[in-house]
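Number of protein chains: 2
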Amino acid sequence: LSRGAGIRLSELSRTSGVAIATIKYYLREGLLPAGDAVAPNRAEYAEQHVRRLRLVRVLREVGGLPVDAIRDVVQAIEDPHLSLHAVLGVAHRAISPVSPPTDEAALAEIDGFLDELGWVVSPEAPGRMELAQALTALRALGRDVETTAFLPYAEAAERIAARELASLPTGAPTDELVEQVVVGTVVHGAALAALRRLAQEHHSARQRKSGT
Amino acid sequence: LSRGAGIRLSELSRTSGVAIATIKYYLREGLLPAGDAVAPNRAEYAEQHVRRLRLVRVLREVGGLPVDAIRDVVQAIEDPHLSLHAVLGVAHRAISPVSPPTDEAALAEIDGFLDELGWVVSPEAPGRMELAQALTALRALGRDVETTAFLPYAEAAERIAARELASLPTGAPTDELVEQVVVGTVVHGAALAALRRLAQEHHSARQRKSGT
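If you're matching them up, the sequences are chains B and Z in order.
Note that my numbering has the first sequence beginning at 22, numbered continuously upward.
Note that my numbering has the second sequence beginning at 22, numbered continuously upward.
It is worth saying that the hints were derived from the structure and are not from the lab.
Any given hint could turn out to be false.
Note: identical chains are not told apart, hence a pair may lie in one copy or across any two.
Claimed, not checked - List time: in silico SDA-like cross-link candidates among lysine to any residue, alpha-carbon distance up to 25 angstroms:
1) Lys45 - Leu162
2) Lys45 - Arg184
3) Lys45 - Gly163
4) Lys45 - Ala161
5) Lys45 - Arg75
6) Lys45 - Leu103
Could you build the full structure based on these sequences and the hints that come with them?
In structure tokens form, the structure reads like this:
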């Protein structure tokens, strides 16, 4: 963007709906790249800043991500050397809750399950630990469960992920693809969780009506 | 449970793996019913306390629920007048993140979408607001989306929920069913989110290998 085509901080605030103090905080925290210094004490901002502010807002409001996690995602998006696949890994680590220490035996069971599914994932994928934790939690509650209990969820997840990845536009710039995948992971993840609870409510209402 | 069959606080701590100070905190906060006072300054605890401690631990560690939300769930489980369906509603409200004010027009679109699906849900279901928020977020990011974008997620959610509700044991006491549904919502919700990210990673690795 050439100088002069930029907008002032006040206009950036108006356009994005984000308060000036919040924008200054994001600049300090590295969530937003610095503006173009057109004069001492005067910076100008461009379309990329408006877009970035929208992304940060979605990650905060829909994803509930802390500032540190958003910084990791934003830095990965800006890194021209990272592939889409690598940025996805960063985003997944940022989105995932911090896991308590995981039972090694449960983790080995999960790895066996993922192997059977034929899924190739990195050893650092937080999903491995989260699944192992879910298995341990169910057993601590006295459930006699095996990893096969996760199979219906895995099938649903696979269908959804295949569709999501296939629907990415071909030929779009990498940073745009990355932004789309990150947003999809956060926003569609929230939508899926909400829909599952709504479907549960709907089905439990039906059970109640049929008297079971 | 008759007096004398109970266990002391120290044994409850050993059996459940929860520290004595934490158990005392849960007692004060109403997450755990008081023990049976067998003497001044001496209470005894029973199997129900062991089970409850496991449930509280899962809601905290896997669900990441704050103490206030766990109290709501526990009180609903203990209420003999609430149906399974009603307790599920309480659990859903406890699990769901607090939503910012929702755009009324987006909410009306979501209601239309749920109507088309034939799902009957209560106006207080937090999932309605979460879906509306997801729709608003996608549009704020410049996506030209309609509620039909949620259809694949809704189909997956419906399949899963129908299966979950159908697999509840018939004839079990209500508080046990309720506990099972609550745990299922939290633990299987975490498992589904983890599996979706693992499936994404697997598919993005495949895309990378095939050179797209």
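These are the hints, each one checked on the structure:
1. In this homomeric assembly, Lys45 and Leu162 come within 25 angstroms of each other (Cα to Cα) only across copies, at 21 angstroms, whereas the closest approach inside a single copy is 47 angstroms.
2. In this assembly of identical chains, Lys45 and Arg184 lie within 25 angstroms of each other by CA distance neither inside one copy nor across copies; the values are 38 angstroms within and 49 angstroms between.
3. Proximity of Lys45 to Gly163 under the C-alpha cut-off of 25 angstroms is restricted to the inter-copy arrangement: shortest distance 23 angstroms between copies versus 51 angstroms within a copy.
4. For a Cα distance limit of 25 angstroms, the shortest separation of Lys45 from Ala161 across copies, 21 angstroms, qualifies, whereas the shortest one inside one copy, 47 angstroms, does not.
5. In this assembly of identical chains, Lys45 and Arg75 lie within 25 angstroms of each other by CA distance solely inside one copy; the values are 15 angstroms within and 45 angstroms between copies.
6. Proximity of Lys45 to Leu103 under the C-alpha cut-off of 25 angstroms is found in neither arrangement, the shortest distances being 28 angstroms within a copy and 49 angstroms between copies.
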